[in-house]
Amino acid sequence: MEGSINLVGLGLSAIGPGVGIGLIFAAFISGVARQPEAQSRLQSIAILGFVLAEALFIITVALAFVLPL
Amino acid sequence: MSYSQPVAAEGGSEFHAPGPGSFELPPIFGDVTKPMLLLALSAVLVFGFFYAATRNASLVPGRLQFAGEMVYGFVRNTMARDNIGSEHYMKFVPYLFTLFTFILVNNYYGVIPFIQFPSFSRIGFIVPLALTSWLLYIGAGIWKHGALGYLKHATMPSGVKGPILLLLVPLEFFSNIIIRPFTLTLRLFGNMFAGHLLLILFATGGAALLASGNLLYGAVGVLSFGLGIGVSFLEMLVMFLQAYVFTLLSSMYIGEALADEH
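Sequence order for the protein chains is S and Y. Position 24 of the first sequence, counting from 1, maps to 382 under this note's numbering, and the rest follow consecutively. Position 202 of the second sequence, counting from 1, maps to 229 under this note's numbering, and the rest follow consecutively.
If we strip away everything but chain Y, and leave its shape as in the complex, we get (with noise of 0.2 Å):
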């Protein structure tokens, strides 16, 4: 074993960099893989805990209660009620507060111990949420100006006249209606996988490094455990503030379809 490749265990065995092909995981039973199983897991866990929190509901909450409350007046207050507009909000709280912590108990997955792994890594997960997103903001527009004055209120800025309008026009549609889904699912989705490699990265490098035998490359490897530690913490972080994008960006996109011509 040379010495050009510093990252070769010298104990015989290869230290393979992680890829996207750490997130093929092997199916548990059938075809039912791990990623299935935490979805599935995280809507008892969702419906559970707000179950537990609201079911002896009383005038002074009690610590559940209140825990609850506070996530729900969250998203209803500052993601809801300051983007959609205080008069048509309340219709879409029940599907922005579902999304949120739905999102959120997935997101956190990846830093739980012996679940570590963000479901939303996986991206075919989050189509179908960026699907409904879209869907609802375009849904709740034509609900408020019609079809053909929704398409008008969205692609056309109003105050804009002339051949400008040319120009315009297509890239708002392109921006408004066709990309948007896009950039949900990718923001997720890059977040998510780009964090959780990061994390397999500095784990399983160190481990190797730390197997090598060799002291230097076992102070690295110490090192990588430190900055994996680091790195968990912004993970956490991250993986809060991809939740909380996720759901503002939708209630923005209605607060928008529904906005008035002004």
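One chain only, chain S, in its complex shape (with noise of 0.2 Å):
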């Protein structure tokens, strides 16, 4: 086997903005059943906590190619 160990890192750091970003949509969708016509407003912010959540991810994406192995 060979690889980057970075890479293994990189999966478990999926686990918790998967998760996170399932919790939030899923608030998100009773939101909307609950009330349709907030539907616009819940949207933007579901979005930004969405992104905010992914971000953690995103910033070991970068870091999983950048430092050595």
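No wet-lab data here; the hints were simulated from the structure. The C-beta atom is built at its ideal place from N, Cα and C for all residues, glycine as well.
Sample of chain S residues lacking proximity to chain Y, with all beta carbon distances greater than 10 Å (derived): (1) 366; (2) 383; (3) 384; (4) 389; (5) 391; (6) 394; (7) 395; (8) 426.
Taking beta-carbon pairs under 7 Å as the criterion, some of the chain S residues facing chain Y (in silico): (9) 409; (10) 413; (11) 416; (12) 417; (13) 419; (14) 420; (15) 423.
Here are some chain Y residues the structure puts well away from chain S; computed CB gaps all over 12 Å: (16) 60; (17) 66; (18) 78; (19) 113; (20) 122; (21) 141; (22) 158; (23) 175; (24) 176; (25) 184; (26) 188; (27) 232; (28) 240; (29) 244; (30) 255.
Mind docking these for me? Both chains are given alone in their own frames, and the hints should help you get the complex.
Spelled out as structure tokens, the structure:
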């Protein structure tokens, strides 16, 4: 086996944002189901939460390739 | 060739998995590389489209004018006005609108045939954009509150008193002033880089598996192409979303810098 151990860390770092993004959109969907007219307001908040949660993983993507083995 | 390396093509040439090196394109002429040309082309495209869309502007819009106005209205209403507030938002609409269309065109280069290179998968092109946003929201804050006033506004959460401020002020300074341009840059870069890498992987990997001559590998190669098509659609969503998010966050930062104390 060969390869960079960084990529294992990359995989691990995908767990947290994955759970977080799932929770954010679950809350968004149930919010819209309760009150469909609030969708446009909730959408920008949900996307904001999504990108903030995703940022952790994206930073890891950059670091996984930048850091030496 | 041993069977423990299933990605190696049996034709003799070994398959090299794409990596960061796949993004270092050779210069086309002189020191000019493909992303540089694409960046210049995107400026021409954005200008040309909106020039054509607004040239014969009439009260009842034609198709082109309608498309242009829809994009403009999207940026102005849902990003600028909702986040900056109805008092000052028009000052920032030109910047935000340019930013959105520029990033959008540059991202969609990634799925346009024959171009197929999102120019923002090179981090150097994003740094100036993030720095411009950074200077703009700090400048807006200083314009509204004064230099010291803005520093206080950005680092001291209202309604917090006592020794907890010793902890909060450095944290807020760090997250509001220092970290923001980095996350803006890395978010756009990371998404474009990772997405394009995934597309290269599925395409070249699928081709290598198909060319391997083994029937089962070939079947996996077809699956790889199918997945590549699926990922392309996901990428098209992500490309729009990243342009949207970059502009949205810029306008939120500006709006936050301009907000009144309460």
